[in-house]
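S.K.: So you can see what is in the structure, the chains are spelled out below.
2 protein chains.
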Amino acid sequence: MAHDKGFVLWFTGLSGAGKSTLARMIEPELRKRGCKVEILDGDEVRTNLSKGLGFSKEDRDTNIRRIGYVANLLARNGVVAITAAISPYAEVRAQVREMCSGRFVEVYARCDIEVLTQRDVKGLYKKALAGEIKNFTGISDPYEAPENPEVVVDSATQTPEESLRTILDYLENAGLIPAAAGAQA
Amino acid sequence: MAHDKGFVLWFTGLSGAGKSTLARMIEPELRKRGCKVEILDGDEVRTNLSKGLGFSKEDRDTNIRRIGYVANLLARNGVVAITAAISPYAEVRAQVREMCSGRFVEVYARCDIEVLTQRDVKGLYKKALAGEIKNFTGISDPYEAPENPEVVVDSATQTPEESLRTILDYLENAGLIPAAAGAQA
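From first to last, the protein sequence lines are chains Y and R.
All residue numbers for the first sequence refer to this note's numbering, where the first residue is 1 and numbers rise by one.
All residue numbers for the second sequence refer to this note's numbering, where the first residue is 186 and numbers rise by one.
Simulated from the structure, these hints should not be mistaken for laboratory data.
Worth double-checking, as some hints may not be accurate.
Taking lysine-lysine pairs in the DSS-like style, the calculated list, with each CA pair at most 25 angstroms apart, reads [what the hints assert, rightly or not]:
no.: 1; chain 1: Y; residue 1: Lys5; chain 2: R; residue 2: Lys221
no.: 2; chain 1: R; residue 1: Lys312; chain 2: R; residue 2: Lys236
no.: 3; chain 1: R; residue 1: Lys190; chain 2: Y; residue 2: Lys5
no.: 4; chain 1: Y; residue 1: Lys51; chain 2: R; residue 2: Lys236
no.: 5; chain 1: R; residue 1: Lys190; chain 2: Y; residue 2: Lys36
no.: 6; chain 1: Y; residue 1: Lys51; chain 2: R; residue 2: Lys242
no.: 7; chain 1: R; residue 1: Lys236; chain 2: R; residue 2: Lys307
no.: 8; chain 1: R; residue 1: Lys307; chain 2: Y; residue 2: Lys36
no.: 9; chain 1: Y; residue 1: Lys32; chain 2: Y; residue 2: Lys5
no.: 10; chain 1: Y; residue 1: Lys57; chain 2: Y; residue 2: Lys126
no.: 11; chain 1: Y; residue 1: Lys36; chain 2: R; residue 2: Lys217
So that you can see chain Y by itself, here it is in the shape it has in the complex (with noise of 0.2 angstroms):
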C-alpha cells in the first residue's frame, strides 16, 4: 500500500562519515513500506542547481538552502526527500527545518575527524591537510555538530546496518514510516 506521508530526512556531517551510504541503503526500506523517495545527493544537487558555486561559507549556505527549498517541495507532496549534503552550519539548517515546518528529520551522521582521517576512503583528508583542497569541512573549514538533532548515528562505533536500524527505529516510532514492511498495508 502507498505511504504519503512525506518528511525530509537530512543527513548531515563530515565528508566519509556515511551520509551517503546510509541514504542509499535507507532508500530501498523505505520503498519496501511503500513511500516514494527521492534521494538530494550532495554531488548530484550541485551538479543540477549549484553549478557555479563555490565553498565559500555564503555558496555553501545558498547551497543548502537550495536543496532544502526542493526537498521541502518533495515532502509537501508525500516524498521522502533524503538529502546528503555536509551541510556543516547550523544557521541554514534552522533556516530549513523552519521552512519544512514539521516535517523535518535531521540525522547526524557522526565520526570522529581522527578516524575520518584514518579511513580516508577517497584520500581527501590528505589532500586537505596537505593544504591542496581549500575550505575542506572539519580540516580548514569549520563544521558546528547539531545540538538536538532527532537522530544520531555514528560511524565509528556502529556497522552501517545498525545505523540504519536506528534511523529506521526512530522513523518508526515517529509514526513517519509504518513499523515493517507490509505490516501496514
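Using the hints, position chain R against chain Y.
M.R.: Quick look at chain R alone, frame taken from chain Y:
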C-alpha cells in the same frame, strides 16, 4: 479521490502572454480533480534556485534546466508540476522534455508582440523598447516559438477562461487528469 499521475505542464511564451495567469487558474481545477499541484513560477524559482543568474542565453538555459530538474522530480512522484517561465530557447526546452521522459506537456502561450506592447500591463515593453531593459525577450532577445507544442493558447484571441478550457480538454483527452471533478472518484 487522490489522483497521482504526475506530469510537467510547461508554459512557454513572452512576458505578459498569460503563463502565470493560466498557471494560477488551472491549479484549483486540478486540485478539484484530486491532483497534487506545485507551481514553479519564473520569479519564485529565480529567487530560490537561481539567484545570481542573469539573462544571457547561458544563464537563462541554466535557470530552465534547474526548473526542469525540479519539475521532473515532482512529476515522477505523482505531482503536476506547472512551470511558468518564459523559456525562450527551443533547445533547452527539448532537453527538459527529454529529461521528463513522456511526462511533459508543453503549452505555448502565444500572443502577438504588437498586442503585448499595446497592453503592456507591467510597463516592461515600453522600457524595453526604450532600451532601459536589456535582454528583454521579444524585443532585444530572441524567442523561439515551439514547433510542436501539445497545446497552444492565444491570449490575443481567447479569454483566459477559453484558454483554460483548451488546456483542460487536452489533459482530459490525454488521460492525464480525470474528465471532470469527482467523475472518477
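S.K.: Holds or violated: Lys190(R) and Lys5(Y), Cα atoms, limit 25 angstroms.
M.R.: holds (17 angstroms)
S.K.: Lys51(Y) and Lys242(R) were given as a pair; does the straight-line alpha-carbon distance stay at or below 25 angstroms?
M.R.: Given pair Lys51(Y), Lys242(R) holds - Cα atoms ~16 angstroms apart, limit 25 angstroms.
S.K.: Hint check: Lys36(Y) vs Lys217(R), CA-CA at most 25 angstroms. Holds or violated?
M.R.: holds (23 angstroms)
S.K.: Measure nothing beyond the straight line between the CA atoms of Lys5(Y) and Lys221(R); if it is 25 angstroms or shorter, mark the hint as holding.
M.R.: Distance ~14 angstroms between Lys5(Y) and Lys221(R) Cα, so the pair holds.
S.K.: Given the proposed pairing of Lys51(Y) with Lys236(R), does the C-alpha separation stay at or below 25 angstroms?
M.R.: The hint holds at about 12 angstroms.
S.K.: Quickly compare the C-alpha distance for Lys307(R) and Lys36(Y) to 25 angstroms and report which way the hint goes.
M.R.: violated (41 angstroms)
S.K.: Between Lys57(Y) and Lys126(Y), is the straight-line Cα distance small enough, at 25 angstroms or below?
M.R.: Between Lys57(Y) and Lys126(Y) the Cα gap is close to 22 angstroms, so the pair holds against 25 angstroms.
S.K.: Quick one, are Lys312(R) and Lys236(R) close enough, alpha carbons at most 25 angstroms?
M.R.: Since the Cα atoms of Lys312(R) and Lys236(R) sit roughly 23 angstroms apart, the hinted pair holds (cutoff 25 angstroms).
S.K.: Would you mind confirming whether the straight-line C-alpha gap from Lys236(R) to Lys307(R) stays at or under 25 angstroms?
M.R.: Given that 25 angstroms is the threshold and the Cα spacing comes to 22 angstroms, the pair holds.
S.K.: Does Lys36(Y) lie within 25 angstroms of Lys190(R) when you go C-alpha to C-alpha?
M.R.: holds (14 angstroms)
S.K.: Given the hint that Lys32(Y) pairs with Lys5(Y), test it: the Cα-Cα distance must not exceed 25 angstroms.
M.R.: At roughly 14 angstroms apart (the allowed maximum being 25 angstroms), Lys5(Y) and Lys32(Y) satisfy the hint.
Hint 8 from the earlier list is the only one contradicted by this structure; the remaining hints agree with it.
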